[in-house]
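Novice: Protein chains in written order, with the numbering used here: chain A, 1 to 561; chain B, 562 to 870.
Hints should not be assumed to be uniformly reliable.
[Stated by the list, open to error] To give an idea of the chain A side of the interface with chain B (calculated C-beta under 10 Å), a few residues:
no. : residue
1   : Asp-450
2   : Pro-453
3   : Leu-531
4   : Gly-532
5   : Gly-550
[Claimed, not checked] Here are a few chain A residues that face chain B, going by a calculated C-beta distance under 7 Å:
no. : residue
6   : Asp-109
7   : Gly-113
8   : Lys-516
9   : Gly-521
These aren't lab readings, by the way, just hints derived from the structure by calculation.
Just so it is clear, the structure is predicted and the values come from calculations on it, not from any experiment.
Even for Gly, the Cβ is constructed at its ideal location relative to N, Cα and C.
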Amino acid sequence: MNKKLAVSIIIIGICMCFFFLFGETGSIWSDEDSAESSVVHPILIADTGIFKKLERPPVKFYHDKHTVALEKEGCSVCHPQDKKGRFIFKYPRLRDDKNKQSLMNSYHDNCIGCHRERAKAGKKAGAVTCGECHIVREKYKKIEHAPIGSDYYLPLEDTYHRDCIGCHKEEKKLTKKAEVLNWKGFYVKKKEIEKATWPKMDFDYYLHYQHEKGLEKDCKLCHHIYDEKEKKLVYKKGTESSCRDCHREKDEESRRSFQKVAHADCINCHMERSKEGKKTGPYSCEGCHIEQKQRTARELAVVPRPGRGQPDRVLISIKDSRMKEVPFDHKGHEAQSLTCRNCHHEKLIACKECHTKNGSPEGGMVNLAKAYHEPLSERSCVGCHTSYKLKPSCAGCHHLLKSGVTEASCLPCHSGSFKEVGVASKLGNPKELLPANMSGDITIKIMEKDYMPAKFPHLRIIKKLTEISKSSKLAKQFHSDQKTICSSCHHKSPLGAKKEVPLCSTCHSLNMESRKTDTPGLLGAYHRLCLGCHKEMGIKPVDCTGCHAGKTGLKTGMRKQ
Amino acid sequence: MGINRRDFIKLLAGTGGIALFGKNVNVWADEHVTSLHESFGVIVDTTLCVGCRSCEKACNQINQDLPRKASEFYKDNSMLEKRRRMAADSYTVVNRYNNPEDTNRPVYVKFQCMHCTDPACVSACIVGALTKESNGAIRYDPWKCIGCRYCMAACPFQVPAYEYNNAMTPQVRKCTFCFEQRTSKGKAPACVQACPMEVMTFGKRRELIKIAKRRIEKHPDRYIPHLYGEHELGGTSWMYLSSLPFEEIDFPNLGYISPPSYTEPIQHAIFKHFIPPLTLFAVLGGLMWFLKPKVVKSESVLEEENSEK
Numbered sequence: 001m002n003k004k005l006a007v008s009i010i011i012i013g014i015c016m017c018f019f020f021l022f023g024e025t026g027s028i029w030s031d032e033d034s035a036e037s038s039v040v041h042p043i044l045i046a047d048t049g050i051f052k053k054l055e056r057p058p059v060k061f062y063h064d065k066h067t068v069a070l071e072k073e074g075c076s077v078c079h080p081q082d083k084k085g086r087f088i089f090k091y092p093r094l095r096d097d098k099n100k101q102s103l104m105n106s107y108h109d110n111c112i113g114c115h116r117e118r119a120k121a122g123k124k125a126g127a128v129t130c131g132e133c134h135i136v137r138e139k140y141k142k143i144e145h146a147p148i149g150s151d152y153y154l155p156l157e158d159t160y161h162r163d164c165i166g167c168h169k170e171e172k173k174l175t176k177k178a179e180v181l182n183w184k185g186f187y188v189k190k191k192e193i194e195k196a197t198w199p200k201m202d203f204d205y206y207l208h209y210q211h212e213k214g215l216e217k218d219c220k221l222c223h224h225i226y227d228e229k230e231k232k233l234v235y236k237k238g239t240e241s242s243c244r245d246c247h248r249e250k251d252e253e254s255r256r257s258f259q260k261v262a263h264a265d266c267i268n269c270h271m272e273r274s275k276e277g278k279k280t281g282p283y284s285c286e287g288c289h290i291e292q293k294q295r296t297a298r299e300l301a302v303v304p305r306p307g308r309g310q311p312d313r314v315l316i317s318i319k320d321s322r323m324k325e326v327p328f329d330h331k332g333h334e335a336q337s338l339t340c341r342n343c344h345h346e347k348l349i350a351c352k353e354c355h356t357k358n359g360s361p362e363g364g365m366v367n368l369a370k371a372y373h374e375p376l377s378e379r380s381c382v383g384c385h386t387s388y389k390l391k392p393s394c395a396g397c398h399h400l401l402k403s404g405v406t407e408a409s410c411l412p413c414h415s416g417s418f419k420e421v422g423v424a425s426k427l428g429n430p431k432e433l434l435p436a437n438m439s440g441d442i443t444i445k446i447m448e449k450d451y452m453p454a455k456f457p458h459l460r461i462i463k464k465l466t467e468i469s470k471s472s473k474l475a476k477q478f479h480s481d482q483k484t485i486c487s488s489c490h491h492k493s494p495l496g497a498k499k500e501v502p503l504c505s506t507c508h509s510l511n512m513e514s515r516k517t518d519t520p521g522l523l524g525a526y527h528r529l530c531l532g533c534h535k536e537m538g539i540k541p542v543d544c545t546g547c548h549a550g551k552t553g554l555k556t557g558m559r560k561q
Numbered sequence: 562m563g564i565n566r567r568d569f570i571k572l573l574a575g576t577g578g579i580a581l582f583g584k585n586v587n588v589w590a591d592e593h594v595t596s597l598h599e600s601f602g603v604i605v606d607t608t609l610c611v612g613c614r615s616c617e618k619a620c621n622q623i624n625q626d627l628p629r630k631a632s633e634f635y636k637d638n639s640m641l642e643k644r645r646r647m648a649a650d651s652y653t654v655v656n657r658y659n660n661p662e663d664t665n666r667p668v669y670v671k672f673q674c675m676h677c678t679d680p681a682c683v684s685a686c687i688v689g690a691l692t693k694e695s696n697g698a699i700r701y702d703p704w705k706c707i708g709c710r711y712c713m714a715a716c717p718f719q720v721p722a723y724e725y726n727n728a729m730t731p732q733v734r735k736c737t738f739c740f741e742q743r744t745s746k747g748k749a750p751a752c753v754q755a756c757p758m759e760v761m762t763f764g765k766r767r768e769l770i771k772i773a774k775r776r777i778e779k780h781p782d783r784y785i786p787h788l789y790g791e792h793e794l795g796g797t798s799w800m801y802l803s804s805l806p807f808e809e810i811d812f813p814n815l816g817y818i819s820p821p822s823y824t825e826p827i828q829h830a831i832f833k834h835f836i837p838p839l840t841l842f843a844v845l846g847g848l849m850w851f852l853k854p855k856v857v858k859s860e861s862v863l864e865e866e867n868s869e870k
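The shape of chain A in the complex, shown without the other chains (with noise of 0.2 Å):
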């Protein structure tokens, strides 16, 4: 009998150790797993690329919170030291990455080891054990292959489940009953490793006002080039440009990548800063990479521009071009644009140094025409103003017209001098558009049978439109006259101040027979126009009863032909 106890004690105690040993049990980090939700990123220590498949799921590592438990000893802990006492910001400190069982080693000795002498001396320590740092499972992304039709798709009635259901019949134990089944669940899910995203970091006209005014100017600290013959890195005013214009997402021989080298050099500038007691930006990860709302155009709008030497205005002309030259206000689109990136790439030079007038290798083969009038490009002009009409308040009547460039599009830009630009708008009183002897409102009535009338507030609209184009500087520019108004609902027809206009019936008949042709009928006209311009700028009413109200007590029947 005592025996047998023994036994099962030990049997116990040996699961147990097991247990402790490999269980992913996550003992230490699981209260702040669970506080997760407010932005703590974890960084997922995986490093693919030399182990490949992964034995045990990736470590999520809480960096912030070994620079707070290690702030006395430094960040010399982990990450080596250059010559010049900078940091290299790589891990572990000894690092060795010949082969997959080296690398393995070199992370567990440095962070096991470092872990085990803190708990040694008494200090607050991390985890010893497998499971509590490999506790990142991976996460199943659903992909459902329901049958078609699978919201009245009958799975008890599918022949392919007669076999399941032989067994399904009753509840058992193990078994559950065919009707409670899951059936859904049991088609294909696909899994997917679960990925680490921390936010951007953004470094707007703001950031780099804050850093002019905090370094005094002093560009070089930040901005180089390399100096091929004395091979070494120089400053040289007016070459200034993005980082990114060098340093590229990868390592590039002698170039670092642009994350390492906007970590390194971001990083220890502020630690040393701080270090001389030197007011500074943040250091840790969140300090940067925090999720929040990114700046508006509008509000760096009020920030002093970057100055390097760029021009307030522009006349861009082309040689041999055949278009009148276009003025270009710079300082007024610095001020619609978030970095000087949106428009320049990461070369801070003319747009026609790399886009030549047939293409070149060094502008992608892209002409210069095109890198202005590309409609489907954010950085080209076109492109750029062509997003600007999807906004609600633009898109109720540019959802109707022709995207792009159009033949109307090519004078306001293609005046050929600064005479005209900024001026303010030509639309002028919106009575004066409507013909003498018409009211503001229109009733249609085509519906009569089933509803009520409709009453249209046709100057109420003119109001609102023109209202909405003085409000906006592109607009200005571009609605070039009161006629602007009207032709995105009377489309096609001849327009004037105080002059009738065709019909909507003259083409659009209320006959529906036969089509030869996809002019709408007038029903459809009337319907796919309102609601349309209702829809893309969010403006009620959407339902029927909105414009006419029901008509009740009345038989109701199809429209009259």
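Place chain B on chain A using the hints.
Specialist: Chain B only, in chain A's frame:
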């Protein structure tokens, strides 16, 4: 002999079918191409639909033999929460689908009989209760129908519904293309007429294909470049334009070949003018006669027979 009776019949039937199969396919195609062009059709532009269900209402009103529904029924949009399908009391339904690109703007899709150019239901009907009219409509004659519901099994879109709750005079129910009331007179169906957004365009199928292609060309950002029904299952009278892939709005990828063009050549070949079966039986009979064992009754047997008497 290494061949037994069963194998022999299989072989004979197989070779007979194959011999007549290839030729018949071409005849099939020619016959149906002409009717395909002259018929009427409808394009449904799902990007325009706002889900007001006016089409359902108009359908209920024009088909007097359907159970009447109050107009409040068509104002209650809570039924859009569930995916519905055509039923014995509704020839057309509007369903709502999530738009993965913009969750605020769901996609509404109207369903009804597609009025296939080469309909599987007509081919499957054994009494000729379903007929394809020259204007594109597939008509149903309840006086001929025997209620076998082969049409329901044959339909690739699961359109026909059956009045299971009607014990005495059940009918198969499906969209009539408003044949009696409207399309036979060249008028657009009631649902097309009622739609406030003109989601549907009625016209000659030939013209509609041109219109639809022009629309896709004009708005490449709005549509996926595919007109569902132009070629699907040999072409359908109702065709669909969509901004989402058709699989996502419950339009299965069914291939371009109509079901009858698979099944009918085989069926017709086997029974053409009743010659193959007659030939088969003639050959079999001949063989039986030829191979009949010639029993020469031995004397002992004769003696036994005599003694029995």
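Novice: State for each hint whether it applies.
Specialist: So, going through the hints one by one against the coordinates:
Interface hint at A/Asp-450: satisfied, since its Cβ lies 9 Å from the closest Cβ of chain B, which is below the 10 Å cut-off. Checking A/Pro-453 against chain B by beta carbon gives a least distance of about 15 Å; that is not within 10 Å, so the hint is violated. Nearest Cβ of chain B to the Cβ of A/Leu-531: about 6 Å, under the 10 Å cut. The hint holds. Restraint check, A/Gly-532 versus chain B: the minimum CB separation of about 9 Å is within 10 Å; hint holds.
Checking A/Gly-550 against chain B by beta carbon gives a least distance of about 9 Å; that is within 10 Å, so the hint holds. Contact between A/Asp-109 and chain B, as hinted, is not supported at the beta carbon level, the nearest pair being about 48 Å apart and thus beyond 7 Å. At its closest, the beta carbon of A/Gly-113 sits 49 Å from a beta carbon of chain B; the interface hint therefore is violated under the 7 Å criterion. Proximity of A/Lys-516 to chain B holds as hinted, the smallest CB-CB distance being about 5 Å (cut-off 7 Å).
Annotation: interface hint on A/Gly-521 holds; nearest CB of chain B at approximately 6 Å, less than 7 Å.
Comparing the model with each earlier hint shows violations of hints 2, 6, 7; every other hint is respected.
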